[in-house]
Amino acid sequence: MSPYGLTGRFLEVDLSSKSIRETRIPGYIYRMYIGGRGLATYILWRELGRKWHEIDPLGPENMLIIATGPLTGFYPGIKLAVSGKSPQSNGVIGSTVSSDVAFSLKAAGYDGIIIKGASQDPVYLYIEDEHVEIRDAGKLWGLKGSGLLEALRRELGSDEPSLYIGPAGENLVRTAAVMSRWFHAAGYGGYGAVMGSKKLKAIVVKGCGPLPRVADQGEYIKLWREVVERVSQRRIFRQWGTTAGLWETGYDTSSEPIMNWREEWHNNKDFSHLALESKHWVKNPWADWGCPLACMKVSKTVIEGKIYYTDGPDYEMGAYLGCNLGVFRVEEVIALSSMADELGLCGIQTGNTLGFALELYEKGYLTREDIGYELKWGDFNSLKRLLEDIAYRRGMGSILAEGAYRAALKIAGLKNLDPGELLRYTVQVKGVGVGAHGIRSGKDYPQPIAYAGSVQGGDHTSVAGLPVDNDSSEAWSVFLDSGVVCMFTAVDDSTMIKYLNTVTGWNITREEFYGEIAPRVLSLQRILLLLGGPDATWDPRIHDDNPPRFYEPLPSGPYKGARVDPSDVRSKLAEYYKGLGWDEYGIPTEETLRRLKLYDAVEVARELRERIEG
Amino acid sequence: MPVKGQLWILVDYNLCTDCRLCEIACSLKHENMIWPEASRIKVYEPYPGVPVPSLCVQCPDYPCVNSCPTKALRVNEATGGVTVDTGLCTLCGKCVEACPGRIPRIVKGVSHVLICDLCGGDPECVKACNMAGYNALRVVGKPASSVVKLYARPPGIIAEELRKKVLG
Chain S
21 MSPYGLTGRF
31 LEVDLSSKSI
41 RETRIPGYIY
51 RMYIGGRGLA
61 TYILWRELGR
71 KWHEIDPLGP
81 ENMLIIATGP
91 LTGFYPGIKL
101 AVSGKSPQSN
111 GVIGSTVSSD
121 VAFSLKAAGY
131 DGIIIKGASQ
141 DPVYLYIEDE
151 HVEIRDAGKL
161 WGLKGSGLLE
171 ALRRELGSDE
181 PSLYIGPAGE
191 NLVRTAAVMS
201 RWFHAAGYGG
211 YGAVMGSKKL
221 KAIVVKGCGP
231 LPRVADQGEY
241 IKLWREVVER
251 VSQRRIFRQW
261 GTTAGLWETG
271 YDTSSEPIMN
281 WREEWHNNKD
291 FSHLALESKH
301 WVKNPWADWG
311 CPLACMKVSK
321 TVIEGKIYYT
331 DGPDYEMGAY
341 LGCNLGVFRV
351 EEVIALSSMA
361 DELGLCGIQT
371 GNTLGFALEL
381 YEKGYLTRED
391 IGYELKWGDF
401 NSLKRLLEDI
411 AYRRGMGSIL
421 AEGAYRAALK
431 IAGLKNLDPG
441 ELLRYTVQVK
451 GVGVGAHGIR
461 SGKDYPQPIA
471 YAGSVQGGDH
481 TSVAGLPVDN
491 DSSEAWSVFL
501 DSGVVCMFTA
511 VDDSTMIKYL
521 NTVTGWNITR
531 EEFYGEIAPR
541 VLSLQRILLL
551 LGGPDATWDP
561 RIHDDNPPRF
571 YEPLPSGPYK
581 GARVDPSDVR
591 SKLAEYYKGL
601 GWDEYGIPTE
611 ETLRRLKLYD
621 AVEVARELRE
631 RIEG
Chain X
37 MPVKGQLWIL
47 VDYNLCTDCR
57 LCEIACSLKH
67 ENMIWPEASR
77 IKVYEPYPGV
87 PVPSLCVQCP
97 DYPCVNSCPT
107 KALRVNEATG
117 GVTVDTGLCT
127 LCGKCVEACP
137 GRIPRIVKGV
147 SHVLICDLCG
157 GDPECVKACN
167 MAGYNALRVV
177 GKPASSVVKL
187 YARPPGIIAE
197 ELRKKVLG
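Protein chains in written order, with the numbering used here: chain S, 21 to 634; chain X, 37 to 204.
Rather than coming from a laboratory, the hints here were simulated on the basis of the structure.
Honestly, I wouldn't trust all of these hints.
[What the hints assert, rightly or not] Restricting the straight-line Cα-Cα distance to at most 27 Å, the calculated cross-link-like pairs of lysine-lysine (DSS-like) are:
1) S:Lys164 - X:Lys200
2) S:Lys617 - S:Lys598
3) S:Lys226 - X:Lys178
4) S:Lys242 - X:Lys65
5) X:Lys65 - S:Lys299
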């Protein structure tokens, strides 16, 4: 029998052989890894762990995993985990997206999909309950987001939940996202490129059945009501969403990326949620499936006769496609965010790369001849062009399509420069651009080791932190991303764990979650991250660190002069690793691996240590 | 707050967030499971920010009830809601054809047609919508006017009109 709250089944689709089968996941595996990110990590370890270093994330050997978890559909606020070997970090990232595909998959009878191999020709996957088909996507290939959704509607005769890629994913841009519902993206990790490498344009899921049974229906309904009531009280969040960060994260906490992070403070009142609310929000609030919070907004603007729609822009889009590029006119931020949605680009990673390119241009490392036109901070028209050049891999865009880390290495190679000279302008950790929450002022939530110690690099939704055993550590992201639920509708960890037990019938304690389950997932993620390869491999002594920029003093604002202290980072990292049972390199010790029942990782961990100690 | 006499669910499209708590609550009430496909109220959103909740509006002349060849559909005089005798319904689809908005639904895995029965006077969808503070659905006394029937329109048509207003 499958565990409560779950179907116990994954669809396994091999696009090389065009074969489709079902795979059953035993109940004890869910109990050890929960679902979503945790389960995806387990599957990747089991299937690819032995040859991880050789696997090209954009080759047919890589797998794309789409996974729900036991809380999906049951806990208010829906999320879906997308994973695989990341073409950004060469490790595993649990990239989450708000998508109705999450509930629909379960309603179709599956907890997730494992996609292997690669098709020769463009295809899309159509799932209607037990009926699964690999269909021709010749006519869909090349379409941008909204055009694709319209074409699918014409082809299917109705709107069905879907995941898809835009041109960026098709062109294997490493900052491409897996998209859903016009504006939603699983951005971190670059899984849009993985989907593109498999020639998989879309996954459509029509699930007609009920969600699986829960262990305790009476208690479940009680908890569901309690959470709906609690979360619906977050009225300010509902009214402004994360967009409020455009102003607050700059002015209040000095932690907003401005012009490739040279500053983190601003006092530009026009660059705020208020400017968007009064002029551009045509729908507010707007929600995802089952959500009592509704933090989204649909915004609209018209520039030179062209209409642009996007969500929000939410804080991350606004910061990274706005002030990080010197763009402070909210109309233009809507337009750039809308273009990223349509092209299927992750706004965070791409905005991070664009900021890097603008700085290189300003400093003279990149020239008009390199780009084909002039680049300037805040220049909307050239940024529009560069965004498209990246998505279609045209000219220098093709190099920037590799993301800031790899682009720095390539440009340094072209220009015969020491890579370090350009890497110092990248604001990324292990190939993953840092989310729009800085650490220099110490006033925002991420701690000094947030990114340096994360198994997902710069991912601001999965940050390392002390103490290890509570919701300020990356352990908590493991819970949310494996559950799989939204961080914004989550409540206190005790209630969340109780909720999980009520749905599944498990008896997980707080101690077991923080002491065993989360460290198990993090340890496997850490090992796979350090295995890395084939194009980049991380050395913890070098790469478990902040971007150089975070060690420069903040140049303005109330926290002017603040910077991260390197010795503080070293000592806190050591404490964090120790807390997780990892050695001084952040490699799980043999004792830890055995305690976590990761016996087959012991040998690999030993080899990793030997590699580092040379 | 229950109203006296027959009731009606007033829908405000502007306030609907597309959260689907109504579908969840409806299926929990009627099927004791989260089963959106089997919900008596459905929200359609063909364009971003343009959700359209669709449910029975209890037309004064009840064309669905009159079209039913097996007398499976009846009007609950106390609430005004339409009830389905699940033993009599043959899924012939005549009620769907008779409905000006084609609102009754025939879905996989349910042996009878799905029509909102107003939960016997205390609709769960409205309670969920109010509990979340969205208030896109409200329980009101049934309007005496024939205007009620004007609301029985296919959600796709309503969405096209709303799209022009919301998205321009």
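For each hint given before, does the structure comply? Return the numbers of the non-compliant ones in rising order.
3, 5
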